[in-house]
Amino acid sequence: MAELSIGGYTFREVEPRRYVVSVDPGRLRELAELIVREESYLSTISAVDLPKENAIELNYVFWSTKHRVALIVKTRVSRERPVVPTIVDIVPGALGGELEAYDLLGIVFEGNTRLRRGFLVPEDLVSKGIYPLRKDAGV
Amino acid sequence: MAVVEIPIGPQHPALHEPIMLRVRAEGEEVVEVAVNTGYNHRGIEKLMERNSWVRGMYLAGRVCGICNAVHTQVYVQGVEKLMGVEPPPRANYIRTIVMELERIHSHMLISAVMAEIVGFDTLFMLIMRDRERVMYLKELVTGNRVHADIHILGGVKRDIDEVRRDRILSELRVIEERLKYYRKVFEEDYTLLKRLAEVGRIRKSEALSHCLVGPTLRGSGVKSDVRFDDPYAAYSEIPFDVVVRDEGDSWARMVVRLEEALVSVGIVRYALEHLPQGPAVPKAFPRAAKVGEVVSRVEAPRGELIYHIVSTGGGNPYRVKIRTPSFLNIINTEFTYLGHRLADVPVIFSSYDPCISCTERVLVVDEKKGVRRYVSLRELARWGTT
Amino acid sequence: MGVSVIRYSPWIMHFNAGACNGCDIEVLAALTPFFDPERLGVRLAPNPRHADIILVTGALNKKAAERLRRLYEQTPSPKYVIACGACAISGGVFTDSYPVISRADRVVPVDVYVPGCPPRPEAILYGIKKLLDRVARGG
Chain A
324 MAELSIGGYT FREVEPRRYV VSVDPGRLRE LAELIVREES YLSTISAVDL
374 PKENAIELNY VFWSTKHRVA LIVKTRVSRE RPVVPTIVDI VPGALGGELE
424 AYDLLGIVFE GNTRLRRGFL VPEDLVSKGI YPLRKDAGV
Chain B
96 MAVVEIPIGP QHPALHEPIM LRVRAEGEEV VEVAVNTGYN HRGIEKLMER
146 NSWVRGMYLA GRVCGICNAV HTQVYVQGVE KLMGVEPPPR ANYIRTIVME
196 LERIHSHMLI SAVMAEIVGF DTLFMLIMRD RERVMYLKEL VTGNRVHADI
246 HILGGVKRDI DEVRRDRILS ELRVIEERLK YYRKVFEEDY TLLKRLAEVG
296 RIRKSEALSH CLVGPTLRGS GVKSDVRFDD PYAAYSEIPF DVVVRDEGDS
346 WARMVVRLEE ALVSVGIVRY ALEHLPQGPA VPKAFPRAAK VGEVVSRVEA
396 PRGELIYHIV STGGGNPYRV KIRTPSFLNI INTEFTYLGH RLADVPVIFS
446 SYDPCISCTE RVLVVDEKKG VRRYVSLREL ARWGTT
Chain C
202 MGVSVIRYSP WIMHFNAGAC NGCDIEVLAA LTPFFDPERL GVRLAPNPRH
252 ADIILVTGAL NKKAAERLRR LYEQTPSPKY VIACGACAIS GGVFTDSYPV
302 ISRADRVVPV DVYVPGCPPR PEAILYGIKK LLDRVARGG
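Residue numbers (the numbering used here), protein chains in the order written: chain A, 324 to 462; chain B, 96 to 481; chain C, 202 to 340.
Just so you know, the hints here were simulated from the structure itself, not pulled from any lab data. Values in this document were obtained by computation on a predicted structure and should not be read as measured data. Beta carbons: idealized from backbone N, C-alpha and C, even for Gly. Incorrect hints may appear among the rest.
Here are the computed distance ranges between Cβ atoms for each label pair [stated by the list, open to error]:
| id | chain 1 | residue 1 | chain 2 | residue 2 | range |
| --- | --- | --- | --- | --- | --- |
| 1 | C | Trp-212 | B | Arg-150 | 44 to 50 Å |
| 2 | B | Lys-279 | A | Arg-352 | 46 to 52 Å |
| 3 | A | Asn-377 | B | Glu-332 | 31 to 37 Å |
| 4 | B | Lys-279 | C | Pro-247 | 30 to 36 Å |
| 5 | C | Arg-250 | B | Glu-283 | 27 to 33 Å |
| 6 | A | Val-337 | B | Glu-272 | 19 to 25 Å |
| 7 | B | Val-149 | C | Pro-279 | 19 to 25 Å |
| 8 | B | Ala-129 | A | Asn-377 | 56 to 62 Å |
| 9 | B | Val-386 | C | Ser-278 | 58 to 64 Å |
To be clear about the criterion: a stretch of chain B counts as covered by chain C if any three or more of its residues have a C-beta under 8 Å from a C-beta of chain C, and this derived list gives those stretches [unchecked claim]:
| id | stretch |
| --- | --- |
| 10 | 149 to 162 |
| 11 | 221 to 231 |
| 12 | 263 to 270 |
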C-alpha cells in the first residue's frame, strides 16, 4: 500500500485516494496546520460513538486539491470527557462541523466560543441534556 | 438537505430551505452577518442506524429532493464497497445519465431563482418553462419527476430502451439551444451584470480556507471537481471539461453553473451514445455488509457531497455521517457580505445556490435608529432598485 | 357572500415545515405559467395576513411546527390548510424520528390531503381545485 508523508506524519492508503493517519488529540492543531499548507480544505468532521470501547472516534476528512487525495485524521477521546482543541482559527471552515459535533454528540472543542446547544437539536432534547447521536441516547 | 435545512416563518415559494441571516447594517452597508440555523433537522443519521441497508437508500434520497440521485449514489457506492458488489457498466452509465439530468435541472432552477431575486421575472418564467423539459426527461428515464430512486445495490431498477434513448437525444437538442441562450443572457444582459458583477467576491485562498465547495469554489479559480479528481460511476470513461472562472464574484458563480449545465448535456449525450451492452438490473442483491468503514464522495450540483459510513457487519449501518455541500457554503460565507449594500445580500446568498436559495427572512437592525423589523429577502432586493 | 367569495381568487402561502425540497420544487413548478394556476385565480401570498390557503409540506420539525401554529393564527378567517406530500400527511420516511411531529393535522386542522412523494404539480392543482369546489358548495 502506498504511503504519503506530510511534515513527519505518515498517511497510509486504505483504498484508492483515501489516506489515513491516527494521532492524539493534542497533535490535531499541529497536523491541521501542516495539511492546510497542502492546498486542502476540511470536508467534514465525523464523530462515531463507540460505547464498548468507552471512546468517541473523530474523523477529520480533508481533501487536498494539490495531491488530489482525501487525508483522513483519526483521533479518539473518552466518552466522559470528550474534549479536543478547536481548529477554527486555523481552518475557518471547520465552524459548521464543530457546531454539529457538539450539538449531536457532545464533543467540546476547546477554544471555540460559538458552541451552543440547539444548533440542530430540538428544545425538548436539549433541556434533558440528550445528545441524540450517542448510542445510549434512547431517541 | 440533510441536517442543515432550516425553515422558519412565512416565505416565498421560490425560496425553500429557509435559514435566517442576522444582518447588521450601518445605513446601507452591511457590517455583520450571522447565520442562524435550526429548523429542518430530521434526524436522518439516527434513522439510518435503525433501518436496514436497503431502506437507507430511500432515506438518503430524501435528504434532499433536488439532488436526490446524487445522495442515493453516494450512499449506494459506499455500501457497495462494504458489501463487495460491483455494478455492471451499463448500470453505471444509467446512473450517470440520471445524475447529470438532475444537475441540469438544479442549475436551471437556481438561475431562475437568481433572475427572480434581481427582479427579472420574465427570465424566471422562461427558465422554469424550459426546465419542465428536463423534468419530463427525468420522468422518462426513472418514472418519477423528482425522486429518481433508480439505484439499487448492484445496479439500477430500470433500463433505458432504444425508444427512450432517441427521445432523450432529440429533447436534449432543444435544451442545449435554450441553455446557450440563457448563458448569453447571463453574460451580456445589462441588468444582470449590474447586479451580479463585483458582488460578493471571494479570493482563491479564502475559498480554500473557508472550505467552500462546488461552483462556489470553481468560481474562485480552484479546479476541484469530484467527478474529475475522484471519479465514480462512469465518469472515468466519459470526456468532459471542468469549468473554472477566476473572477470569484456572484456573476462568475452563475456563469460557471450555466456552463456546467451545458457540459452535462454533453455528458448525457455521450453516455447515451456509448451505452454499454449487457444487464443493468440485478436479479438479487445482498442484505448484509462486511465490517469496515468507507468515505464516499460525489459531486452534487452544489459541490462535494460526502458520506462516512461505518459498518460493524450485519443488516444495519453502525453510523452514517452526511455532510451536504450547502452546509459548508452557507455557514462559512458570513464574511462575504461585509461592506456590501443591503440589496446585495440576497444576490450573494442566492449565488451560493443554498439548495434552491434557502432564504426567507432577514432581520435588519438599523444601528442608528435602533429599529428592528423583519423584511422578506425579495423586498430587500428591491431596495436597491427603488 | 361569506366564505364562498374567496373561491374567485384564493391566495396561497407555502410553508416548508421540514421538507426535503422535493415537494417544494413541485409546488414551485405548479405555480409557474407552464401549469398556469392563475386560471383558477390562485396566486402566491408573500405574507400570512394576505393568505387564504396555507400549503404545508414536510414532516413537521418540532421547531417549525411552532412557527406553523403561529402562522395559522396570523392568517385571517376564512382559512384553509392543504397538507402536501407523504411527510405532511403521515411523516413519510421520517415517522418516529426524534425531531419531527410527523403529521400536519396534529398542529393545525387540515382540509385537503395531497398524497405523493412528491405529488405531481397536476395533483397539487387538483387538490386546490377540490378545495375550491368545496368552498363553492358552502362547506
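Now the hints, each set against the structure:
Remark: the range hint 44 to 50 Å for Trp-212(C) to Arg-150(B) is contradicted by a beta-carbon distance near 39 Å. Between Lys-279(B) and Arg-352(A) the Cβ separation comes to about 49 Å, which falls inside the hinted range of 46 to 52 Å. Separation of Asn-377(A) from Glu-332(B) is about 47 Å and departs from the stated range, judged on CB atoms against 31 to 37 Å. Remark: the range hint 30 to 36 Å for Lys-279(B) to Pro-247(C) is upheld by a beta-carbon distance near 31 Å.
As the Cβ distance of Arg-250(C) to Glu-283(B) is approximately 41 Å, the hint placing it in 27 to 33 Å is violated. Our hint of 19 to 25 Å for Val-337(A) and Glu-272(B) is violated, since their Cβ atoms are close to 46 Å apart. Remark: the range hint 19 to 25 Å for Val-149(B) to Pro-279(C) is contradicted by a beta-carbon distance near 46 Å. At roughly 37 Å, the beta-carbon separation of Ala-129(B) and Asn-377(A) lies outside the given 56 to 62 Å, and the hint is violated.
Separated by about 60 Å at the C-beta atoms, Val-386(B) and Ser-278(C) satisfy the suggested range of 58 to 64 Å. Requiring three or more residues with a Cβ within less than 8 Å of a Cβ of chain C, the coverage given for the stretch 149 to 162 of chain B holds, as 7 such residues are present. Restraint check on the stretch 221 to 231 of chain B versus chain C: 5 residues with Cβ-Cβ distances below 8 Å, three needed, restraint holds. Counting residues of the stretch 263 to 270 of chain B whose beta carbon lies closer than 8 Å to any beta carbon of chain C gives 0, which falls below the threshold of three, so the coverage claim is violated.
Going down the numbered hints, you'll see the structure goes against 1, 3, 5, 6, 7, 8 and 12, while the others check out.
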